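Each protein sequence line maps, in turn, to chains A and B. Mapping of the first sequence onto our numbering: position 17 corresponds to residue 17, and the numbering continues sequentially without gaps. Mapping of the second sequence onto our numbering: position 117 corresponds to residue 117, and the numbering continues sequentially without gaps.
In case anyone wonders, no lab produced these hints; they're calculated from the structure. Computed from a predicted model, the values in this text were never measured in an experiment. Mixed in with the good hints, there may be bad ones.
Heads up, simulated DMTMM-like pairs for lysine to aspartate or glutamate below, C-alpha to C-alpha not over 20 Å straight-line [what the hints assert, rightly or not]:
no., chain 1, residue 1, chain 2, residue 2
1, B, Lys346, A, Asp78
2, A, Lys66, A, Asp78
3, B, Lys228, B, Glu198
4, B, Lys345, B, Asp420
5, B, Lys346, A, Asp80
6, A, Lys219, A, Asp30
7, A, Lys145, B, Glu428
8, A, Lys66, A, Glu5
9, B, Lys15, A, Glu172
10, B, Lys346, A, Asp60
11, B, Lys58, B, Glu249
12, B, Lys345, A, Asp224
13, B, Lys345, A, Asp60
14, B, Lys345, A, Glu72
15, B, Lys345, A, Asp79
16, A, Lys229, A, Asp178
17, A, Lys145, B, Glu296
18, B, Lys345, A, Glu184
19, B, Lys15, A, Asp187
20, B, Lys4, A, Glu124
21, A, Lys24, A, Asp190
22, A, Lys234, A, Asp187
23, B, Lys4, A, Asp122
24, A, Lys24, A, Glu5
25, B, Lys346, A, Asp79
26, B, Lys4, A, Asp78
27, A, Lys180, A, Glu210
28, B, Lys57, B, Glu423
29, B, Lys345, A, Asp119
30, A, Lys229, A, Glu34
31, B, Lys70, B, Glu51
32, A, Lys219, A, Asp206
33, B, Lys4, A, Glu107
34, B, Lys58, B, Glu423
35, B, Lys345, A, Asp80
36, A, Lys24, B, Glu423
37, B, Lys58, B, Asp217
38, A, Lys180, A, Asp164
39, B, Lys276, B, Glu249
40, B, Lys15, A, Asp141
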Amino acid sequence: MANREIIRIEGLEKVYDMGEVRVKALHGVDLTIEEGSYVAIMGASGSGKSTLLNILGCLDRPTAGKYYLGGEDVASMDDDQLSAFRGRTLGFVFQSYNLIQQLSVIENIFVPLFYQGLDLSDREKHCEDLADLVGLGDRTDHRPKQLSGGQQQRVAIARSLVNDPLLILADEPTGNLDSKTGLEILDLFDRLNQQGKTMILVTHGDEVAERAQRVVHMKDGVIDREDVKRAPVKVDNSKKLELTG
Amino acid sequence: MRLKTLIRIVQLGIKSLLLHKMRSGLTMLGIIFGVCSVIAMLAIGEGASYEAQEAIKKLGSSNIIIRSVKPPQEKSMSSAKRDYVNDYGLTYQDANSIRATIKNVDTVLPMRIIREEVRFNSIMFPVQVIGTHPIYPDMTGLEVVRGRFLTYTDERSRNNICVLTASLAEHLFPYENPVEQEVRMGADYFKVVGIVRETSIEKQRPQAGESEGATVDHNVYVPLSSAKARFGETIINRSAGSYQAEKVELHQITVRFTSTDAVQTAVPQIKTLLEKFHDTADYEVIVPIELLRQAEQTKRIFNIVLGSIAAISLIVGGIGIMNIMLATVTERTREIGIRRALGAKKHDIVTQFLVETVVLSIGGGLIGVVFGVVIPVIVSHLADMKTIVTPISVIIAFGISGAVGVVFGIYPASQAADLDPIEALRHE
Ligand SMILES: Nc1ncnc2c1ncn2[C@@H]1O[C@H](COP(=O)(O)OP(=O)(O)OP(=O)(O)O)[C@@H](O)[C@H]1O
Ligand SMILES: [Mg+2]
Numbered sequence: 001m002a003n004r005e006i007i008r009i010e011g012l013e014k015v016y017d018m019g020e021v022r023v024k025a026l027h028g029v030d031l032t033i034e035e036g037s038y039v040a041i042m043g044a045s046g047s048g049k050s051t052l053l054n055i056l057g058c059l060d061r062p063t064a065g066k067y068y069l070g071g072e073d074v075a076s077m078d079d080d081q082l083s084a085f086r087g088r089t090l091g092f093v094f095q096s097y098n099l100i101q102q103l104s105v106i107e108n109i110f111v112p113l114f115y116q117g118l119d120l121s122d123r124e125k126h127c128e129d130l131a132d133l134v135g136l137g138d139r140t141d142h143r144p145k146q147l148s149g150g151q152q153q154r155v156a157i158a159r160s161l162v163n164d165p166l167l168i169l170a171d172e173p174t175g176n177l178d179s180k181t182g183l184e185i186l187d188l189f190d191r192l193n194q195q196g197k198t199m200i201l202v203t204h205g206d207e208v209a210e211r212a213q214r215v216v217h218m219k220d221g222v223i224d225r226e227d228v229k230r231a232p233v234k235v236d237n238s239k240k241l242e243l244t245g
Numbered sequence: 001m002r003l004k005t006l007i008r009i010v011q012l013g014i015k016s017l018l019l020h021k022m023r024s025g026l027t028m029l030g031i032i033f034g035v036c037s038v039i040a041m042l043a044i045g046e047g048a049s050y051e052a053q054e055a056i057k058k059l060g061s062s063n064i065i066i067r068s069v070k071p072p073q074e075k076s077m078s079s080a081k082r083d084y085v086n087d088y089g090l091t092y093q094d095a096n097s098i099r100a101t102i103k104n105v106d107t108v109l110p111m112r113i114i115r116e117e118v119r120f121n122s123i124m125f126p127v128q129v130i131g132t133h134p135i136y137p138d139m140t141g142l143e144v145v146r147g148r149f150l151t152y153t154d155e156r157s158r159n160n161i162c163v164l165t166a167s168l169a170e171h172l173f174p175y176e177n178p179v180e181q182e183v184r185m186g187a188d189y190f191k192v193v194g195i196v197r198e199t200s201i202e203k204q205r206p207q208a209g210e211s212e213g214a215t216v217d218h219n220v221y222v223p224l225s226s227a228k229a230r231f232g233e234t235i236i237n238r239s240a241g242s243y244q245a246e247k248v249e250l251h252q253i254t255v256r257f258t259s260t261d262a263v264q265t266a267v268p269q270i271k272t273l274l275e276k277f278h279d280t281a282d283y284e285v286i287v288p289i290e291l292l293r294q295a296e297q298t299k300r301i302f303n304i305v306l307g308s309i310a311a312i313s314l315i316v317g318g319i320g321i322m323n324i325m326l327a328t329v330t331e332r333t334r335e336i337g338i339r340r341a342l343g344a345k346k347h348d349i350v351t352q353f354l355v356e357t358v359v360l361s362i363g364g365g366l367i368g369v370v371f372g373v374v375i376p377v378i379v380s381h382l383a384d385m386k387t388i389v390t391p392i393s394v395i396i397a398f399g400i401s402g403a404v405g406v407v408f409g410i411y412p413a414s415q416a417a418d419l420d421p422i423e424a425l426r427h428e
């Protein structure tokens, strides 16, 4: 039995209207992604990768086309609903980590739950488990400034998992890291995917693409070609996330 | 649940503010000065007007005081005509007419004030001899501390008795019991029957008079009838060889009414009555309740002026906060983007920034309150001025500082919330 489909986009277009100039960043993208997929989006600079990922991440709205995420019509949501939807169903990992400087590791991991009206005191165990999961169990009260880039990205990954998201989106997550640290992060992603997490990565690196289950090549705002290397992992939603070993 | 959320947001706000202690402190200064100056200035103003009002209240709010005054034109004449007897002022008839014709009059208290010297053995003091009725202590707040005050029997039989103020008695009789002693005033001896003290002693007057040997409360009270009989009605002042005589029957008439409300209607009636008997303006009518109202009016204007100054300083403080918060929003654009991506709604961002400005202004307000309460205490110690910190001024100042935080926080907060999440995330 195939995994359920969690993303469906049809005829997606994005136009940046800057007065005199209109930049057509996406014109006509169709894509479906099943749960458990590990998708790498590749392509030349300016081909529209980030634009697509932002729309998939409900941070931006398409100019035209349809987008269903987990069966929900994203286009019909207002700003507040989109915010809540992001907080509940998505996990983000950014190129520049994007941790909040005045918060400790544990507090940074907790942020998505804060906006679901939860209390850190009630979820401290959960957040500590995630810090453990990414190998930072002994640094939970450190500030981002006191951590290396790789460690910061691990915190960001722990944060992206805290709300048990349907989907993790990462825009060049290893772009700011040296190759060794980058590989460690990619190992973490591999294991997350093996546990059944759906991952979408934007990347320039071939070593990243090699690990992906499916590679989407973009060119001038459309999908140029796709390589599907293997079937997505079987998803068993009853299993608990466990990355050690 | 809502309260818990708010507490967490406040904690978060404090944390962000503590990240820039110096900046937050400087931002609060405007509010600190504003709140502190409101409270301190109001306290000093309140103290000053309290003293004025107390002085007026002592005259009695249901009283009218009529005083004899030397008519101005006569004054210049008296220097030309040396042996002219200056006859002016209130009369016994005035007192009687008021008692007889004015409604709601409770008591009419006539007074004669004569400058004399009082002697006991070799000790001599210049004093004011006040000839008055037995009701006097009741109307002016005198307390009999020893012996008794004047009685109607004294009044009827023109007894040569007197009552001394406590401070005078201390000077005149350092060793012996003053009661039953005889003191000399003018050509006559008066038996001391009692000692009195003012119940509301004003500490306001400096001690300067003491060195000259004549403070204002060196008074000798005698029956009005005795004063008339012993000192006559013509008072002679000799100065530098010239001779000046004044004939004044009564120096003051205090009219007490049955109620404060009755004073209002009686004032014009009394003025009309007196105009009938007096050709010249040789008297003045003092209405304590009107003075009190004027004092209150002055205080209101004073408060409005102070309030405006304080409001301006608080607005300046608010602008300072707004300025810093706008800078903070720019500086924290990235953070706003992150929070929005992770599920923060616009109103969450508004709340976060608004809470920070309110924490700044309330924090400044609290510190301002502390200074505002302490400074008047220091002022009253150093400058010997009465200051009163009213709870209402603290509440108002504090309330306004909170309101300033909200008003000047809304714009930066909405600027923060209206940022596009992607733009914000890209911000360097
Ligand atoms: N906010 C924007 N306003 C105007 N044009 C934009 C905006 N964002 C992207 N674009 C344009 O849209 C096109 C696609 O941009 P996008 O950021 O998606 O490229 P990318 O594939 O992520 O490139 P890179 O690999 O360099 O990150 C580019 O031509 C870019 O100039
Ligand atoms: Mg990009």
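Satisfaction of hint between A:Asp60 and B:Lys345, Cα-Cα up to 20 Å: holds, 15 Å
Pair hint outcome, A:Lys229 versus A:Asp178 [Cα-Cα no greater than 20 Å]: violated, 27 Å
Distance restraint between B:Lys15 and A:Glu172, which requires alpha-carbon spacing of 20 Å or less: Distance ~31 Å between B:Lys15 and A:Glu172 Cα, so the pair is violated.
Distance restraint between A:Lys219 and A:Asp206, which requires alpha-carbon spacing of 20 Å or less: Within the cut-off at roughly 16 Å; holds.
Hinted pair A:Lys66 and A:Asp78, Cα distance within 20 Å: holds, 15 Å
Agreement of B:Lys346 and A:Asp60 with the hint, judged by alpha carbon distance not exceeding 20 Å: holds, 15 Å
Proposed proximity, A:Glu124 with B:Lys4 (alpha carbon, max 20 Å): Measuring from Cα to Cα gives roughly 16 Å; hence the hint holds.
Straight-line alpha-carbon gap B:Lys276 to B:Glu249, limit 20 Å: holds, 17 Å
20 Å Cα cutoff - pair B:Lys346, A:Asp79: With a Cα-Cα distance of about 8 Å, the restraint between B:Lys346 and A:Asp79 holds, given a limit of 20 Å.
20 Å limit on alpha-carbon distance, applied to hinted pair B:Lys58 and B:Glu249: Violated: B:Lys58 and B:Glu249 sit about 25 Å apart, past 20 Å.
Restraint check for B:Lys345 with A:Asp79, where alpha carbons must lie at most 20 Å apart: Within the cut-off at roughly 8 Å; holds.
Restraint status (C-alpha distance of B:Lys346 to A:Asp78 at most 20 Å): Status holds; Cα separation ~11 Å.
Taken one by one, the earlier hints fail for this structure at numbers 3, 9, 11, 12, 16, 17, 18, 19, 21, 24, 26, 28, 31, 34 and 38, listed in ascending order.
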